[in-house]
Amino acid sequence: MAIRQLDIDAIALERASRRTWAAAVLRFARQKPLGTAGAVIVILMALAAIFAHAISPYHPLATDYKAQFEPPNLSHWLGTDSFGRDIFSRIIYGSRTALLVGFTASLIGATLGLFIGVASAYFGGRIDLLTQRIVDIFISIPLIILALAVVAILGTGIFKVILAIIVPMIPRAARVCRSSALAIRELPYVDAARACGFGHRRIIFRHMLPNVVAPYLIILTAFLGQAILLEASLSFLGLGVQEPTAAWGLMLQGGAEEFAESAPWMAIFPGLAISAAVFAFNLLGDSLRDALDPKLRV
Amino acid sequence: MLPTLLGVAVLVFVGMRLLPGDIVEVRLAAEGSWISQETIDKERARLGLDKPLWQQFVNWMWGLARLDLGESMWTGRAVSYEIGIRFQLSLQIAIMATLVGIILAIPLGTIAALRQDSWIDYGVRVFSIAGLATPSFWLGILMILMFLIVFHWAPPMVYTPIWRDPWANLSQLIWPALATGYRYSAVTTRMTRSSVLEVLREDYIRTARAKGVWETLILTRHALKNAMLPVITIIGLEFAFLMGGLVVTEQVFNLNGLGKLFVDAVRNYDYTMVQGLVLLVAFVFVTTNLVVDLLYAWLDPRIRYQ
Chain A
1 MAIRQLDIDA IALERASRRT WAAAVLRFAR QKPLGTAGAV IVILMALAAI FAHAISPYHP
61 LATDYKAQFE PPNLSHWLGT DSFGRDIFSR IIYGSRTALL VGFTASLIGA TLGLFIGVAS
121 AYFGGRIDLL TQRIVDIFIS IPLIILALAV VAILGTGIFK VILAIIVPMI PRAARVCRSS
181 ALAIRELPYV DAARACGFGH RRIIFRHMLP NVVAPYLIIL TAFLGQAILL EASLSFLGLG
241 VQEPTAAWGL MLQGGAEEFA ESAPWMAIFP GLAISAAVFA FNLLGDSLRD ALDPKLRV
Chain B
1 MLPTLLGVAV LVFVGMRLLP GDIVEVRLAA EGSWISQETI DKERARLGLD KPLWQQFVNW
61 MWGLARLDLG ESMWTGRAVS YEIGIRFQLS LQIAIMATLV GIILAIPLGT IAALRQDSWI
121 DYGVRVFSIA GLATPSFWLG ILMILMFLIV FHWAPPMVYT PIWRDPWANL SQLIWPALAT
181 GYRYSAVTTR MTRSSVLEVL REDYIRTARA KGVWETLILT RHALKNAMLP VITIIGLEFA
241 FLMGGLVVTE QVFNLNGLGK LFVDAVRNYD YTMVQGLVLL VAFVFVTTNL VVDLLYAWLD
301 PRIRYQ
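First to last, the protein sequences are chains A and B.
The numbers in my numbering rise by one with no breaks, and the one at position 192 of the first sequence is 192.
The numbers in my numbering rise by one with no breaks, and the one at position 293 of the second sequence is 293.
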């Protein structure tokens, strides 16, 4: 009987939490219209990336030398480039590249930063001092300069670009997560956990990490937009994703400037895609920050 | 300050030599023909890569101590010379971009804060978030597009120093400055807005209003003066990061500045050049930070007394 009662309680609890989840989403949508707009664009982009093969009318790499430099028309919605490739299809497939690079780079970068930051705050003392000096060194180099330096070491290509974006993100995430973790370290429950004789790993992972989730999520969404922008910049410089992969920055590099006067659509639409994506992630990140922690500025 | 720079020096040096394989082989292999071991060895000796790592490092650090950044592995000229001939151009764009940023940001941010949640506020916020999202290289391309299609005009391609012909100089450099400055202003506008908003809620503003101080005076004497502190920090920080923006905009406008030098160095595996430039950027960052700190103490007496 008692067991049945417990089961029912558990089910009720689960339902309630599901309902509050939906309610939280609804409340977010009502209070943060801008953030919701960002979320909608992000979801659309994700759908475009997942179903790229079904949506795009042409293969992104299919060249058609009879249809070079075609202005936007019914068969090529956004026109074609110097190889006769369909720009709309390439933008749709480009969202795969952007999201792949953006998500992997910022997820890994922010998570490694989270571990380093929390560990640094938890251990304190000399370890903290040393970590923070190293973080200082990395932070004194602008994002794109450090990423380019990594490219100079590793070379180009999609996975090397991801790595090049991760490197400058780690110290920035570590800095933010450390400052939140420092405040938590002083709270009684961490003392209590230590008094119970728990190991460092358990305290860090079970007691501290869950409480640094808010700044972590904020910095993660902030990184997403930056990572996409950074990938586009690197590809634009010819030092990121390489041809013939469909990537937005690359589309702007590949002759977009050369043919600017005769075929402006080549330069306009990929840039719009980059801006819309970064805009959406920034809106989402901003609203998330307001909702989770209004005091924190990244 | 010095430890950070020293750290950056060690970091780039070790980083550049972390991976196996060396630039001589990469570079000669790119030429496609068969190369004898003798040529490779000679080239290595020429670039000083035949010495053990620690000796290369000591040589480089000793050079740094005498403000000598070494020789470019690509052009063979001194890194400081290559930087020197391009420094003026990049510095001018950086300064103009900063001015564009400040001129746009402070009025816009203040108005947005004063009219919080009005359509002006929303307009300013969208403008600034868009500034963060628009890649400056795309903005540059759009500018060039507009000139070509609408005005049938293109910015001059050859660089003229400002004292020789200010008009020719500005008509070339104002566009990259605008393209970079927009992003700069976006960051600063957001900071100005939130900072003014915060200050307007302070008690002393209410006191000033209560004693009937003229609203304009409250804004200029009481609010703006106090709100500017964090804004100055952001301006300083962003100035140090302008170099990052220049990397792409110089490419678009085909300007031979430090940004282009850096991209070329990365393309050509020019280790000494990459090291020198990264160190320079870090130096600019550290000095601007110091200047901002000093400025802070000068502007805010509370900090001085502590």
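Hints listed in this document are in silico derivations from the structure and should not be mistaken for laboratory results.
Backbone N, C-alpha and C define an ideal beta-carbon position, used for all residues, glycine too.
Possibly wrong hints are sitting among the right ones.
[What the hints assert, rightly or not] Calculated lysine-lysine pairs in the DSBU-like style (CA-CA distance at most 35 Å, straight line):
(1) B:Lys51 to A:Lys160
(2) B:Lys225 to A:Lys32
(3) A:Lys160 to B:Lys211
(4) B:Lys225 to B:Lys211
[Unchecked claim] Derived contacts from chain B toward chain A, CB cut-off under 8 Å, selection only:
(5) Gly7
(6) Val14
(7) Gly15
(8) Leu132
(9) Ala133
(10) Phe137
(11) Met143
(12) Leu145
(13) Val150
(14) Val248
To see whether the hints hold, each was checked on the structure:
Of the pairs offered as hints, the one joining Lys51 of chain B and Lys160 of chain A holds, with about 29 Å between alpha carbons and a cut-off of 35 Å not exceeded. This hinted pair checks out: Lys225 of chain B and Lys32 of chain A have alpha carbons roughly 31 Å apart, not beyond 35 Å. As the CA atoms of Lys160 of chain A and Lys211 of chain B are separated by approximately 63 Å, the hinted pair breaks the 35 Å bound. With a CA separation close to 19 Å, the supplied pair Lys225 of chain B and Lys211 of chain B stays within the 35 Å bound.
Interface restraint check for Gly7 of chain B: the shortest CB-CB distance to chain A comes to about 4 Å, inside 8 Å, so the restraint holds. With 8 Å as the threshold, the beta carbon of Val14 of chain B stays out of range of chain A, its nearest partner Cβ sitting at about 10 Å, so the hint is violated. A cut of 8 Å between beta carbons decides the hint on Gly15 of chain B: the least distance to chain A is about 6 Å, and the hint holds. Look at Leu132 of chain B: its Cβ gets to within about 6 Å of chain A, closer than 8 Å, so that hint holds up.
The beta carbon of Ala133 of chain B comes within 4 Å of a beta carbon in chain A, closer than 8 Å, and the hint placing it at the interface holds. Interface hint at Phe137 of chain B: satisfied, since its Cβ lies 5 Å from the closest Cβ of chain A, which is below the 8 Å cut-off. The beta carbon of Met143 of chain B is not positioned within 8 Å of any beta carbon in chain A (closest approach about 10 Å), and the interface hint is therefore violated. Annotation: Leu145 of chain B was flagged as interfacial toward chain A, and the flag holds, the nearest CB pair being 5 Å apart, inside 8 Å.
With a cut of 8 Å, the hint placing Val150 of chain B at the interface with chain A is violated, because the nearest CB-to-CB distance is about 11 Å. Taking 8 Å as the C-beta contact cut-off toward chain A, the hint placing Val248 of chain B at the interface holds, the least distance being around 5 Å.
Hints 3, 6, 11, 13 from the earlier list are contradicted by this structure; the remaining hints agree with it.
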